[in-house]
Amino acid sequence: MQPVAAGVMSPFHAGVFSLVVFTILVMLFIASQLFLAAWLGEKKKSPEKSRPYECGIIPTGSARFRYPVPFYLVAIFFLIFDVEGAFIITWAVVYRKVGLPGYEQMSFFIVLLLAGLFYIWKQGGLDWRETGKRADS
Amino acid sequence: MERDRQASRFLSIADRVINWSRKYSLWPMFFGLSCCFVEEAATFTSRYDMARFGAEVMRPSPRQADLLIVSGTVFKKIAPVVLRLYEQMPEPKWVISMGSCANSGGMFDVYSVVQGVDQIIPVDVYVPGCPPRPEALLEGLVILQEKIMSTEKPSRKVFHLGGGTQGTDRPVLEIGATKSRDPRGPGYEGIPIRGTSILPGGLHWGNRSDLMWTPPARRIELSEADLALAAEMRERFGDKARLEPHSSDMLTFEVDRGSVKDVLRFLKNESKPKYKRLDDLTAIDESARRNRIWNKGLAEASSDAGAVESFSRRQPGRYPDFTVVYQLLSFDTAGRVRIKSGLEAEGGAGLPASVTDIWPSANWYEREVFDMFGIRFEGHPNLRRILMPEWWEGHPLRKDYPGRATEMAPYTLEDARKRQPMDAMEVAALDHKVPPGEREFFLNIGPHHVSTHGLLRCIAALDGETIKSLDLEIGYHHRATEKLGERQSWHQYIPYTDRNDYLAGSSLEFSYVTAVETLADIHIPERAQAVRVLLAELYRLSNHLVWMATFAHDVGAMTPNFYTFAEREMILDIIELITGGRLHAEFLRIGGLAADLPEGWKEAVDNLTAIFPRRLLEYEKLLRENPIFLARTKGIGRISLEEAMDWGVSGPNLRACGLAWDLRKKLPYSGYENYDFEVPTETAGDCYARYLVRVEEMRQSIRIIEQVVRNMPSGRHVTEDYRYAIPERREMLKDIETLIHHFVNVTRGMKIPVGEAYGATEVPRGEHGYYVVSDGLGSAYRMRVRGPGFANIQTLPIMATGESIADLISIIGSMDVILPDIDR
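Residue numbers (numbering that gives the first Met the number 0), protein chains in the order written: chain A, 0 to 136; chain B, 0 to 823.
Any given hint could turn out to be false.
As the list claims (entries may be wrong) - Covered stretches of chain A (chain B as the covering partner; in silico rule of three or more C-beta atoms under 8 Å from a C-beta of chain B):
| # | segment |
| --- | --- |
| 1 | 42–55 |
| 2 | 64–73 |
What the hints assert, rightly or not - DSSO-like cross-link-like pairs, simulated, lysine-lysine; straight-line CA separation at most 30 Å:
| # | chain 1 | residue 1 | chain 2 | residue 2 |
| --- | --- | --- | --- | --- |
| 3 | B | K22 | A | K44 |
| 4 | B | K178 | A | K43 |
| 5 | A | K48 | B | K178 |
| 6 | B | K664 | B | K633 |
These are computed hints drawn from the structure, not numbers from a lab.
For glycine and all other residues, C-beta sits at the position ideal for the given N, C-alpha and C.
My request is simple: use the sequences and hints to build the entire structure.
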């Protein structure tokens, strides 16, 4: 970076002190909002009110049961490809520095993940439904 | 001292600021109970635009709302839900009671209805009307705003200083102490309820209807095909199936209990023609029949030719305790047949056999008969109550059951806490008799839900988001309309028929008067016939516009809502011009109409027909090829034609499966045969096909309306046979005979000869029919309402099983359900 002539720009330099002040202000603001929201106003607690709302009917069964796998799978796949994104973006930042070896290693990484993706695809991991009317038609 | 004064000044300023903010940001909850909600919904659309008053958008859940508008009838079965929703709303909260039913039970002083919501939750503002117009609700809102501004002092509560007032602080009313339960208001306790003198039941010798003479009921000539079938029946079943010598409407057989099933199976599978559809299955409690408790001498003393005739034909006491009635329909010849079978309460040859293995749709019908009469069916897979809650005692349609809510113990806050709707898992276990899978999760969709279009409760067993099985729990909107028919005089019942389907108004009156006119053989002037058709078609348009808006809304398209309600208001204006009513026209009368067409009707209708097709095209552009709409509807919720016929589906839902079955074409009434129109059909049987059929129906309705306007006959609007009609006012004022008829028919009501008849018309949702049974009195002996919804909604599990939970919403939307015609 070229040194800037004195007086051209503001003398302000971001420092640790101002960051701390800013953080404290933000925290105070958030705390005040949370406090006001929690304190102001009348609250009446009753068993009916704390019951989950389910179209006006008392819910049945437990919400803690073995959830079907598609939701879980989708979450996992998202995580994997999300991490892939993190690597690729980092690589893009240092693209010039790491040069050809970096390119090769990254390509290997991407190809490997792509192979995984196609495998999942073929196995039906991306199909939302296991069965159902629409699946057979 | 000074500090106190300052504090109180601060608090009073805070009061004003808080109240001002609250007043202009009320959040009403989306909770429709019945008819009134349709007017409430109209209040939010462009013409009335409640947002102007700061009550912006309706909230779907109680957690986000602070204003509960109880719009419509509070049923005993739904009252615990109303209470829970109220209690789940955050503080502060307000309640507007909208409409006569919510205020006091209104015209529904009947066993299933709570006589005013103020018995279970506190109410701030009452809006009178049945239903109140949207302007009335706006007025109610303004009154509530004034109440907030002028009486509430919220700041002490807001700052936890003790004291202060906010939200509803009135107590819940208590019958006898703070509230009179007389539907006429306080002070009438000593006066008998109007109409008591003509009511049947008990030893009613001296009933004032007996002083009136009528010719016998209508008799039809059987067609050759009917006679051939009767001959075949005689050959096959001999004495076990007897042809009724006289009938007012259709071929009728009296069949021994043991042979009913064989006869029905024969009629469905082997006879010529085949009677493929079970139209209706119901029962009659014959225990209060007057020739069981009467004798021939008394009949002759009365001047009822029908009764005398009936006594000479039947032995006194020949009526069984109950009659089970099956009504079948043949699609090939458009013919109907009725099978009646007697049943003795004591002894006899066992229970009637269930016909669920012949028609799957009999499942609900038999449950209903069990619920209402206590008749058990042998071999029914799941015989339990369907309309009344399972804690209910007694069978309401029995003659010895009290009809009025005010004759029963009052419904209190305690009841609303105790009488909870059945647990979802229990319902599923009763319906399926198999334990739920390990991965299944039970979810209640309704009764309080934006997309169930009323008080319908679906219980979905979900695996992920796939519906593994679906159970329906109905009866939350059971307004006891059949019991009311046995109490109200023949004319007084007309307003109740409108309310059996609050989006189709006159169409329902049309079915009812058709049934009574069939029974009493009344001929209707041509002008009245044409006006009836005009009103029926206008209501069809109005209904389909609401359906289009809500269906689009269900699948995520908000825009059509705002547009289609504009044309709907235009139609309602025409209806108001002609009839004086909006939702409930109450304009048809037995024998004709209440009044002639007013001046200016033609121009108003012409304006509509001129703009409507173009507007419809515009709205269609929003949906027909919209990729989201297609993805949500095409191939979703399919039902095959075979299944639809077997389950008794009717109306556009049936036509979307490929059968051009429309009563207006197949069994024309009221001059429909003179109009040129098509019956649109589709073959896919999915949500999209149902959409296409209904949209095309709107075009056809416009065609019919244009023809009616062009060819409107001149002449009388009410029959000349004043025995059965309320005379024209002009004539009544001139002629003493007519004046007497007017006086008698308006006060005590006319009498209809002994007999029975079924009358049905094609209402927007399908075949809506009334089966009226008369014992020769001033009100019906039995009033059976055959609603298309009851049969249609029974197929919902077939359409929805295997689809995803989001598709269920789309399917319900496409079926165009309305609860009063399901639960009646």
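Status of the hints after comparison with the structure:
| no. | hint | in the structure |
| --- | --- | --- |
| 1 | 42–55 | holds (count 10) |
| 2 | 64–73 | holds (count 6) |
| 3 | K22/B x K44/A | 24 Å, holds |
| 4 | K178/B x K43/A | 27 Å, holds |
| 5 | K48/A x K178/B | 28 Å, holds |
| 6 | K664/B x K633/B | 28 Å, holds |
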